[in-house]
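Visitor: Here is how the chains run, residue by residue.
There are 2 protein chains.
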Amino acid sequence: MKRERISDNVIRRLSMYLRKLDELTDRGVERISSSELGKQMGLTPSQIRQDLSCFGEFGQQGFGYKVAELRKQLAKILGMEENFSVVVVGVGNIGHALIQNMNFSSLHFDLTAAFDVSQEKIGTSVLDITVMDSNEMTDWLKVHPTDIAVLSVPKSAANEVANAVAQCGVKGIWNFTNTDIELKTDGVFIENIHFSDSLLTLSYYLTRGKNDV
Amino acid sequence: MKRERISDNVIRRLSMYLRKLDELTDRGVERISSSELGKQMGLTPSQIRQDLSCFGEFGQQGFGYKVAELRKQLAKILGMEENFSVVVVGVGNIGHALIQNMNFSSLHFDLTAAFDVSQEKIGTSVLDITVMDSNEMTDWLKVHPTDIAVLSVPKSAANEVANAVAQCGVKGIWNFTNTDIELKTDGVFIENIHFSDSLLTLSYYLTRGKNDV
Numbered sequence: 093m094k095r096e097r098i099s100d101n102v103i104r105r106l107s108m109y110l111r112k113l114d115e116l117t118d119r120g121v122e123r124i125s126s127s128e129l130g131k132q133m134g135l136t137p138s139q140i141r142q143d144l145s146c147f148g149e150f151g152q153q154g155f156g157y158k159v160a161e162l163r164k165q166l167a168k169i170l171g172m173e174e175n176f177s178v179v180v181v182g183v184g185n186i187g188h189a190l191i192q193n194m195n196f197s198s199l200h201f202d203l204t205a206a207f208d209v210s211q212e213k214i215g216t217s218v219l220d221i222t223v224m225d226s227n228e229m230t231d232w233l234k235v236h237p238t239d240i241a242v243l244s245v246p247k248s249a250a251n252e253v254a255n256a257v258a259q260c261g262v263k264g265i266w267n268f269t270n271t272d273i274e275l276k277t278d279g280v281f282i283e284n285i286h287f288s289d290s291l292l293t294l295s296y297y298l299t300r301g302k303n304d305v
Numbered sequence: 093m094k095r096e097r098i099s100d101n102v103i104r105r106l107s108m109y110l111r112k113l114d115e116l117t118d119r120g121v122e123r124i125s126s127s128e129l130g131k132q133m134g135l136t137p138s139q140i141r142q143d144l145s146c147f148g149e150f151g152q153q154g155f156g157y158k159v160a161e162l163r164k165q166l167a168k169i170l171g172m173e174e175n176f177s178v179v180v181v182g183v184g185n186i187g188h189a190l191i192q193n194m195n196f197s198s199l200h201f202d203l204t205a206a207f208d209v210s211q212e213k214i215g216t217s218v219l220d221i222t223v224m225d226s227n228e229m230t231d232w233l234k235v236h237p238t239d240i241a242v243l244s245v246p247k248s249a250a251n252e253v254a255n256a257v258a259q260c261g262v263k264g265i266w267n268f269t270n271t272d273i274e275l276k277t278d279g280v281f282i283e284n285i286h287f288s289d290s291l292l293t294l295s296y297y298l299t300r301g302k303n304d305v
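Heads up: the protein sequence lines correspond to chains A and B, in order.
Read left to right, the first sequence gives residues 93 to 305 (the numbering used here).
Read left to right, the second sequence gives residues 93 to 305 (the numbering used here).
By construction, these hints were calculated from the structure, which means they are not laboratory data.
The model shown is predicted, which means the values in this text are computed figures rather than measured ones.
Hints may contain errors.
Stated by the list, open to error - Stretches of chain B that chain A covers, calculated by requiring three or more beta carbons in the stretch to come under 8 Å of a beta carbon on chain A:
#, region
1, 128 to 139
2, 159 to 171
3, 177 to 186
4, 204 to 217
5, 282 to 294
Backbone N, C-alpha and C fix where the C-beta goes; we use that ideal spot for every residue, glycine too.
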């Protein structure tokens, strides 16, 4: 199927739509117009119609969107029916926290393994995941085809580890290393976590709050 | 000054604009039209004009936006000239990682202290921050007025700590506890980190990649 390239920002808004639809579901809302959805999300109705039209026909003129149906379609578009397998590479602070708190299974991801170089960490468990030796990672990945690697190693190891997992067939890298990764393998998606966007949003509200006083 | 309420999603896009403008600056781009900026960011030109018009007059018909000027204005709007002070409460995995890797000063935030309940952590240092006893936190905050608290304590302590810092005058809470906070103090902004949005974006690309094969 040929399709146009959909911009990254449209994709990023999909999970925001998903959260909003979950919230509407919790509130018992069964359908919503693009104008009301736009109002609640700070987007113009035309932006919403344009975003969603990238993926098919969802709404109905004069009727709006069915919340449950749109939620289901978005979850599918976002890959939540794929049951992607995930490994965590680097069980330092961030890696440990993600295993412990991320609740991958609630989003339909299958966390299967974790790796670290530290002898102190190898063999220990975080929830039901036992940390394996990073030296065994590539052998393990060859036997256990894996979709996503969470990259939570130090900056200095980022490129080496990213290239290693990519060569073992990993197709998605969730990058917490705060550095840009240069991959030698094509067809691998890298998603970088931008903590600063969130901090600056908070900072905006504080600044406005100060000036409004 | 009276102003209209600006939607949260507009605010969230500001830091994306900022990153884009930094990238354009690095590439030596001095001005850009709303249509080109829209193309690069996956937004319609009218969305961009609408977003920015919330804050004043930036662009010029037929000329576009001056990159350096717009960057400066956005940084100001985002509070980067306020030099907000920040404390980290909870030096577990996430807290430790943020102190070590977040580079608050590069965004013009002033990281001043960190607190934890664990006797093993109290007195240890992360970079130049010495972890203090959480029992001393409220006394310390009363003497050192603080703008932002990074909340990286366990879920079970989230509400108690959030209310404690709010009562000491903290006006912004950056919430990494994966739980909704109920505050008894008014006028405090809470910013929640949504890791799942980022993971689902990656998941989307993987799914599309699979289906395009």
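Visitor: Indicate, hint by hint, whether the structure satisfies it.
Guide: A quick look at each hint next to the structure:
1. Against chain A, the region 128 to 139 of chain B contributes 6 residues with a C-beta closer than 8 Å to a partner C-beta. That satisfies the three-residue criterion, and the hint holds.
2. For the region 159 to 171 of chain B, the proposed coverage by chain A is satisfied: 3 residues have a C-beta within less than 8 Å of a C-beta in that chain, meeting the threshold of three.
3. With 3 residues bearing a CB less than 8 Å from a CB of chain A, the region 177 to 186 of chain B meets the requirement of three and the coverage assertion stands.
4. Coverage of a stretch by a chain is defined here by at least three residues with a beta carbon nearer than 8 Å to that chain's beta carbons; for the region 204 to 217 of chain B and chain A the count is 0, and the condition is violated.
5. By the rule of at least three residues with a Cβ nearer than 8 Å to a Cβ of chain A, the coverage given for the region 282 to 294 of chain B holds, with 11 such residues.
In this structure, the one hint that does not hold is number 4.
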